[in-house]
Each structure stands twice: as structure tokens, then as C-alpha cells.
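Please model the entire structure based on the sequences and the hints provided.
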Amino acid sequence: MNSFKRWGIATAGTLAAALALTACGGGSGSPAQSSSPAAASSSAASPAELTFWGWAPGYSDSVKAFNASQSDIVVKFEEIQPGSRGGYEKMLNAVQAGNAACLGQVGYETLTSFAAQGALEDVSQFANANQNEYVDFAWNSVKVGDAVYGAPVDTGPMALFYNKELFKKYDVEVPTTWVEYKAAAEKLQAADSKIKISSPYANYDYAGLSWQAGAPWFNIEGDSWKVSVDSDENKKVADYWQSLVDADTVASAPMYDPAWFKGLGDGSIATLVGAVWQAGVIKGDAADGKGKWAVAPMPQWDAANPSVGNVGGSATAVLKGCETPEAAWKFANFLSTDADSYGNLIEKGALYPAAKALLELPQLTKEDAYFSNQKIFDVFKEEALKVNPEWTWGPNMPLTTTKLDDGLNKSWAGNGKMADALTEANTATVENMTSQGINVTD
Amino acid sequence: MLKRDGLGLSAPTMVFDPFTNYLKAFSDPVFIESLGRVLLFGVVQVPVMLGLATALALLIDSHSARAKGFFRLTSFLPYAVPGVIAALMWSFLYSGSSSPINALLEPLGVAIPFLSEEMVLWSVANIVTWGWTGYNMIIIYSALQSIPGEILEAAKIDGASAWKIAWNIKIPMVRPALILTTVFSIIGTAQLYNEPKVLQSVSGGSIDSAFTPIMAAQAATAAQNYPYAAATSVILAVLVGILSITFFKITNRGSDS
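Protein chains in written order, with the numbering used here: chain U, 257 to 698; chain A, 5 to 261.
I should point out that these hints are in silico values taken from the structure, not numbers from a laboratory. It cannot be assumed that every hint is accurate.
Stated by the list, open to error - No more than 27 Å apart at the CA atoms, straight line, and that leaves these computed lysine-lysine pairs for DSSO-like:
hint : chain 1 : residue 1 : chain 2 : residue 2
1    : U       : K399      : U       : K346
2    : A       : K201      : U       : K346
3    : A       : K201      : U       : K673
4    : U       : K399      : A       : K7
5    : U       : K450      : U       : K673
6    : A       : K201      : U       : K518
7    : U       : K482      : A       : K28
8    : A       : K72       : A       : K168
9    : U       : K482      : A       : K7
10   : U       : K346      : A       : K7
Put into C-alpha cells, the structure is as follows:
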């Protein structure tokens, strides 16, 4: 019982302290403001202050550059967890609680879901003037209807990252079609059973593969949604990767896991079909692969009609409740279009610009020692032009991808069929949307 | 609950409808399954862990024990490792590509599928047992320390063996400590989250997003369905309350007789 008593006292003490603190805050705030006219007048002239939540490497330097470039606005950068690892939850919860930052880094894939939560501020009245500075597909990604919710920063055209040394050693041609890719997988596997062509793709990395194949997950038809995660086109993609799993040519290490970086470095994982920014990820965390890797165009379904997918890319979105949306837009536009600050983002994070004028930046023509001195952005420049423009994200992507991952993870491990994973994700998504009253057509 | 209309691209409206989410939770096979999984986990793991903890406490408390301090410390040490770190460490021990256990067993032609769908729950149970046995042992051990020496001496003079003393005197006397640790363990079981969450990424799909009720609630939160997450959390809290009270009642009835 003694311990219970102590608990009670401790709790009461904490409560009292908390009350005292809030009382102080409430009491001292207002007289301080009114009693000193000097402070009040200086605050009228003082610059607008706003906070920016993001995680991309190099963002903090861009913020410094912006703050140095003018004196009207002061931006404070706070690094948060990457979106899918908690950053988005933080933003949404903060918007609900009314204490969110003015700006947040939001991936295109999540932007629609954020809009559907009413978590974004429409800045079209400031932003539309800058529309022509951005490539069309990226601009469409920050628009929902007529509302513009932020500035697109980068895009994620895909390509084939491959271990050049390995392909050379076993005399395997770099695949240009998916049929050749499978043949390469089997040839490498036959040469050394430890070499796997790839590793499991989940959620948005997997979506890139569907995107390329012209197998959309969502479409808007009139005023209702069409969900097609398990369409025939999507099943074709799933069955292809299923056949690679069945042939035991896919590693077990999940992407971004330490085991995955080890595999990329030591040559037991031979390729990664991924987005431009993943160059930065593997350079940073699979340092052992330095000088061995190279980049080639993405394998095609139909070599005569090349098409490329997009993974990721994000916007600087204006979050609901921002009191200085014009200042927020000014900074967002700067981050995406300022040549000096963007050059740094390319070097640190391999971000590929969404602004047209930046596509000629000198940083995009540099040789990269990690990729055996290849000018990798030359490849992405070509690929970016082939990105399939037909893709729409759904209104509740966290739900769709969670359900999809539950199934996909099983099938990558050989405990289920990928086509079934698609069907389950499709069913759950439709169920979720209809139960909330959203129109869905078959 | 959340209501939207049309394309659902504007902010949802909240409709106060207190029962829909509860009804939905009780008819949601995913949530029910996660509850059942945790119940099964608790029924097996809690007795095993407390049995081990009691046995350890009795051994360290016994007269013939040597190096008490050393054993007390080593069995308690795992508790000092933060849960997430421990789970990360075990994920290396379990996962196919890095498991030293399976590497040792390889020459014998055996590989333990720690993360297979059948075994993964017990692999998680192993982590929890490893982490918490020492903690519970300390509580039981302190209770053992407070047993008056005269009672034990009297029993010894009467010719009771060490086994008899342990079974007939020591264990009944540390009953309050055992009840306390059991209730803590029931609550701990309901809160199962760290270990499965960390193992999820290497489990090859054996651990899905709704493996435990808390993970299910978190998935609902991530999917921005706060009302449903809240409803499932309330259900979980109420169930734990009922279980704990029931356990207290049962054990109290025993002591009255």
C-alpha cells in the first residue's frame, strides 16, 4: 500500500507543477506584450517566422541559404523521421492538435491522402504564377483538383542499378527487357548460388514497377474512384516477380535493412530497380560497393514502346493552420528552384530536380566514383522523359500499402502468391473507402 | 466515426456514432485474431516465465547457493537492455542470413525456422521471457528475503527437507509477490509491441501489420482512422482490466478458504 500512496503523492505533485507552469505561461505572456511598446513595434517589423519539417539530406543547408538570401522570412528547419517511418503521423497528429509546422516534406504518394484528411493549405493564389517553372508531371503531383498544396522538389524516375563487376565477371549482358532480366537472374544464380538478382520490393518501391507497366492502382472516373490494384495488368507484374521468387533468384534481405546494404556491398544482391534518389541511399549505406556499381535504363516489357516508372519524389507542402502561407510558398519555391541550394541537394541526396531550369545544373553532369565514374544523371535524364504520365494515388495510401505489404512480404518469402496479395489489398481498400462514404465504382 | 463523400478529397467530417466502431471491432477478424494470438501468448508465456523466475529466486535464496550476487546480477542483466535493442539483437540471432544458431546447426543438417509462421509467436515469447524473467525473479527474491528466519529454522528443526520448505513454506509466503508479478505480466502481454514490431521487417511476412492488438491499433492510426484505433484500444484496456480483476478474485477466493 505504501507504494500506492507514494504514487498518489508523486502524481499530485506532477499535476500541481504542471498547473503552476501553465498558470505562469498564461499570466506572464499578455502583460509582457502590452507593457513594452518598444517590443511591440519591433515585432511588427520583425520577419515572418515559420518552421519546416523534413528529412532529406541537405535540406538544412538549403534553409540556411534561404535565410541568408533575404530578411523578410526566417525559416527554422526541424529534422523529423522519414514520412513512412513516423514523420507523416507526426504531421497529421500535429495538424489535428493545431500545432503543426507551416511546411512539411510530403511525398507525392501521400499528398492525396493528406489532402483527403484536410491537412493541407491551398496556396494556389500564390503558387499558380510559378507553375511554368516546373515539369508538368511533377506539378500535377502537388495539385488535387484546382488546389495547389505545395511546391514539387524532386522526381523519382527509375532505372536499373546493377553490379557491373559481377555482370562482367560472369559474362552476363545487362538486361534491356524483363525477359532478359530473368535470364540474367538465372545465369548469375547458376554461376554462384549465393548471387540473387534482386531483393523484395514493398509498397512504393513495388508501386514503381506497376507504374512502369501501365498498371495503375487508382483512377478517378467522374465523381467516383476506380480501384484496380488487382487488375490483369497488375497481376502480370505480380506473376513475373512471383516467377523470380519461385526460381529462388530473390534475396531474403528486405530493402533498407542492414542485411540488404551488406548484400549490395558484397555482391550477393546484383541489381536494384529503383529511383534516382536511391543512388544516394546505396552510396551512403553500401559503401563497400564503391566502384562496382553502374546505372542502365530500366528493363522494358515492350522494347519498342519504352516506359518508365517513378518512385517517390516529394513536395514541400503547406500544412493546414499555417498563418503565413505566402511566406511558406516563397520558401517552398526557393527550395525547389534556387540553383545554388539545389546543387547541394543533388550532391547530398541525389535529388533530381522537378524545376525545369535546374535540369541543366552542372552537378547533374558530374562523374560519380561510386558508379565506376559514370555520369549517372545522363541515364536518368533520358529516363525521366519516358515516365508514364498515367498514374493517380488513392485517398488513403497508408491503408492500401499496409495491406499490400502484409501480403507481399509473405509472397517474397515464398509463403503465398503475389496475385493474392494484390486481391487482398484491393478488397481492403475498397472496403475502407466505401465504409467512409467515398464513391467507388467497379 | 469518419464520414466523407464524393471522392473524399476534402476534409472528412466526424459523426458521433458511439457503437459502430465497437461493433466493427468485434466483427473484424483481423482484430479478433490479434486478440486471440496475444491471449495464447499470455497463457503459455506468463506461467513459463514466472515458473522460471520462481525457480531462480528459490535457487539463489537457498542456503547452499554460492556466488549469489553474481547469479542475481546475470539473470537480471537482460532486463537492463532496452526492449527495442534486445529485439534488434534477437532479430540477428533469428534471421536466416545472419543467425549464428543456424550456422552452428548447419553441419548437422538442421535449421530452425525461427521466423516461420508457426514458430514466430514463440520466438517472440522467448525474447520476452529472456528479458523479463530476471525482473520478476528480483521481486520474488525480495519477498523470499522477508520471510522470518524463525519459521524456516523451525521447519528445519522439524526435519523438513529443502524441497518441502520451498514448496510448503516459501512459495505460499511469497504469494503476494507472485500475484503482483502475474498481474504485471498480464498487462505486459496485452502491451506486446516492441518485439514483434522490430522482428516484422525480417520476418518475411510472418508478422503482419495487425500481429498484436496494439500493432493493429497503430495500423489504424497510420491509416488515419483515429476513431477505430481508439475503439480497439478501449476494448483492449477493458479486457485487460477484466482479466486482472478476475485473476485477483480467483486468487483471493483461494486465500479465504
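Hint by hint, here is what the structure shows:
1. U:K399 - U:K346: Holds: K399 of chain U and K346 of chain U sit about 22 Å apart, inside 27 Å.
2. A:K201 - U:K346: 19 Å, holds
3. A:K201 - U:K673: 23 Å, holds
4. U:K399 - A:K7: 23 Å, holds
5. U:K450 - U:K673: Holds, at roughly 24 Å.
6. A:K201 - U:K518: 22 Å, holds
7. U:K482 - A:K28: Given that 27 Å is the threshold and the Cα spacing comes to 25 Å, the pair holds.
8. A:K72 - A:K168: Given that 27 Å is the threshold and the Cα spacing comes to 22 Å, the pair holds.
9. U:K482 - A:K7: Within the cut-off at roughly 19 Å; holds.
10. U:K346 - A:K7: 22 Å, holds
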